[in-house]
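Engineer: Generate the whole structure from the sequences, applying the supplied hints.
Residue numbering for the first sequence follows numbering that gives the first Met the number 0, beginning at 0 and increasing consecutively.
What the hints contain is simulated information worked out from the structure, not anything from laboratory work.
Check each hint, because a few of them may be wrong.
[Stated by the list, open to error] Cut-off 27 Å, straight-line C-alpha distance, at most; resulting in silico cross-link-like pairs (DSSO-like, lysine-lysine):
| hint | residue 1 | residue 2 |
| --- | --- | --- |
| 1 | K323 | K303 |
| 2 | K7 | K254 |
| 3 | K148 | K61 |
| 4 | K148 | K159 |
| 5 | K7 | K28 |
[Stated by the list, open to error] For each label pair, taking beta carbons as the anchor points, the in silico distance ranges come out as:
| hint | residue 1 | residue 2 | range |
| --- | --- | --- | --- |
| 6 | E362 | K145 | 27 to 35 Å |
| 7 | K303 | A163 | 51 to 59 Å |
| 8 | K111 | F298 | 38 to 46 Å |
| 9 | Y225 | R24 | 27 to 35 Å |
| 10 | E146 | Y225 | 20 to 28 Å |
| 11 | K303 | E53 | 36 to 44 Å |
| 12 | K111 | E358 | 40 to 48 Å |
Heads up, the beta-carbon is just placed ideally off N, CA and C, and yes, glycines get one too.
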Amino acid sequence: MDKPTSFKYQGGELPLPFFFPDATRAVVKTIDSQDLVSTKTPGILVNTYHLFRELGSDVFDKFNGVGNFMNYHGGIISDSGGFQVMSLIKRKEGLGKVTDEGVTFKPEGQKKILLTPEKSIRFQMSLSSDMLVVLDDFTDPKANYKEAKVSVERTIDWAKRSKAEFEKLCQKNKLTKGRKPYLLGVVQGGEFQDLRKECTKRLVEIGFDGLGYGGWPIKNGGGFDYKSAETIAKYTPKNYFLYGLGVGKPDEIVKLVGMGYSIFDCVLPTRDARHKRLYVFNAASIGKINLKDKNFYSFYTPNKQKYVLDKTPVSKACDCLLCKNYSKGYLAHLSRMDEITALRLATIHNLRFYSLLMEKLRENY
RNA sequence: GCUGAGGUGGCGGAGCGGACAAUCGCACCAGACUGUAAAUCUGGCGGUCGGAAGACCUACCUAGGUUCGAAUCCUAGCCUCAGCA
Numbered sequence: 000m001d002k003p004t005s006f007k008y009q010g011g012e013l014p015l016p017f018f019f020p021d022a023t024r025a026v027v028k029t030i031d032s033q034d035l036v037s038t039k040t041p042g043i044l045v046n047t048y049h050l051f052r053e054l055g056s057d058v059f060d061k062f063n064g065v066g067n068f069m070n071y072h073g074g075i076i077s078d079s080g081g082f083q084v085m086s087l088i089k090r091k092e093g094l095g096k097v098t099d100e101g102v103t104f105k106p107e108g109q110k111k112i113l114l115t116p117e118k119s120i121r122f123q124m125s126l127s128s129d130m131l132v133v134l135d136d137f138t139d140p141k142a143n144y145k146e147a148k149v150s151v152e153r154t155i156d157w158a159k160r161s162k163a164e165f166e167k168l169c170q171k172n173k174l175t176k177g178r179k180p181y182l183l184g185v186v187q188g189g190e191f192q193d194l195r196k197e198c199t200k201r202l203v204e205i206g207f208d209g210l211g212y213g214g215w216p217i218k219n220g221g222g223f224d225y226k227s228a229e230t231i232a233k234y235t236p237k238n239y240f241l242y243g244l245g246v247g248k249p250d251e252i253v254k255l256v257g258m259g260y261s262i263f264d265c266v267l268p269t270r271d272a273r274h275k276r277l278y279v280f281n282a283a284s285i286g287k288i289n290l291k292d293k294n295f296y297s298f299y300t301p302n303k304q305k306y307v308l309d310k311t312p313v314s315k316a317c318d319c320l321l322c323k324n325y326s327k328g329y330l331a332h333l334s335r336m337d338e339i340t341a342l343r344l345a346t347i348h349n350l351r352f353y354s355l356l357m358e359k360l361r362e363n364y
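Structural biologist: Okay, here's the thing in structure tokens:
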């Protein structure tokens, strides 16, 4: 019953902990699969909702999985579409609804689709991902206790159905030990610790390979909700993967790794890159990165006029395509002209920052 | 030299007698972004005081003038651009 030491995927095993960026639509925005490899990123998270809506399973049956489709051969985790319950339905009314059966999505100008726990699993199987995530009912960040409880009950019910469908498909496809992907349950319950505890325990009764810290990880008053993360970790068996879904900022990841979390994904490094925010270690070299420093990293805004004449690299504690080959001056020019290459270089840089961060965390795991 | 058009904030460019410290865009400054409806979104952007509402000052090429009131009308000057010589 020891904690997991590696994550098996189709290409071998990945050491823990690791961070996967989000390739929602089977692409990490602005870069391609070869760029991704160059950042030493070990894997990606793809999204069921988007790929199901935009492509359907025929493509993935034909290509034999999303990895082959992308010609990307790192680890692949597929998200269930559970996050879209919040981002598309609960955050804004009228784009769909949630019932016990599943989730109906109907964004403006698009056809209505129904995603059930079973459908989500079936589709994720066609993606041939290494870890599947159960469809969950995202607890609205503004939910009161009663509403949070409803989302927890539904999440547990859906988890049961997902597990049953998963086992059925594994049997049917003769996916036995070694070839069987992982299945992740997702804990909901908002900031209510007794709900988090109950959800965790009841998911463990159903049986999964890991549990995800679900919901919105930022408290209503602001600040990361470490308490819920701790509650989940406390009641999760040691041999389970603990996954911080959508987490997060570098310092948040460092803290969660300390609690036993070993899998992370987040849009921040890639979105921030596109929004002109680069992550830089406050260190003179990669060897001198010290995560114990309170301020071990800072932000760099690439498009300032004052950088145009700067011949130094963005970071000396980085070995990415950008930092090894180009100056702040050149990047400033590309960024100021809104050249798409600036976004690509920034994305590559931020992903290397995150992969370096995880390399450092692995040293003490 | 003649004819025509025009000179507005860092730049482009609205406004063409009161509602103008002056629409809008760019640039600039600050902030946000957490299982991606996001190469996006907010806010600020003449000066001084104020948290804000607001108050006062200096402003639409220059100098005069008309008017209760002018970036807007008149006169002169300077300058720019286009076409013709």
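Engineer: Below or equal to 27 Å on CA atoms is what counts here, so check K7 against K28.
Structural biologist: Answer holds: K7 to K28 is near 26 Å, not above 27 Å.
Engineer: Just tell me: holds or violated, for the beta carbon distance of Y225 and R24 against 27 to 35 Å?
Structural biologist: Cβ of Y225 to Cβ of R24: about 31 Å, so the range 27 to 35 Å holds.
Engineer: For a C-alpha distance cap of 27 Å, please report whether K323 and K303 respect it.
Structural biologist: 20 Å, holds
Engineer: So does E362 sit 27 to 35 Å from K145, Cβ to Cβ?
Structural biologist: 45 Å Cβ-Cβ, so the 27 to 35 Å window is violated.
Engineer: Within 38 to 46 Å: is that where the Cβ-Cβ distance between K111 and F298 falls?
Structural biologist: 41 Å, holds
Engineer: With a cut-off of 27 Å on the C-alpha distance, tell me whether K7 and K254 pass.
Structural biologist: Holds: K7 and K254 sit about 24 Å apart, inside 27 Å.
Engineer: I want to verify a distance hint. Is the separation of the beta carbons of E146 and Y225 within 20 to 28 Å?
Structural biologist: Distance hint for E146, Y225 holds at roughly 23 Å.
Engineer: Taking 36 to 44 Å as the stated bounds, is the beta-carbon spacing between K303 and E53 within them?
Structural biologist: 37 Å Cβ-Cβ, so the 36 to 44 Å window holds.
Engineer: Taking the beta carbons of K303 and A163, is their distance inside 51 to 59 Å?
Structural biologist: Hint holds: Cβ distance 55 Å, inside 51 to 59 Å.
Engineer: Is K148 close enough to K61, meaning Cα to Cα at most 27 Å?
Structural biologist: The hint is violated at about 41 Å.
Engineer: Falls inside 40 to 48 Å, the C-beta gap from K111 to E358?
Structural biologist: With Cβ atoms ~44 Å apart, the hint holds.
Engineer: Does K148 pair with K159 here, judged by a C-alpha cut-off of 27 Å?
Structural biologist: Holds. K148 to K159 sits at ~17 Å (cutoff 27 Å).
Checked against the numbered hints above, the structure breaks hints 3, 6 and satisfies the rest.
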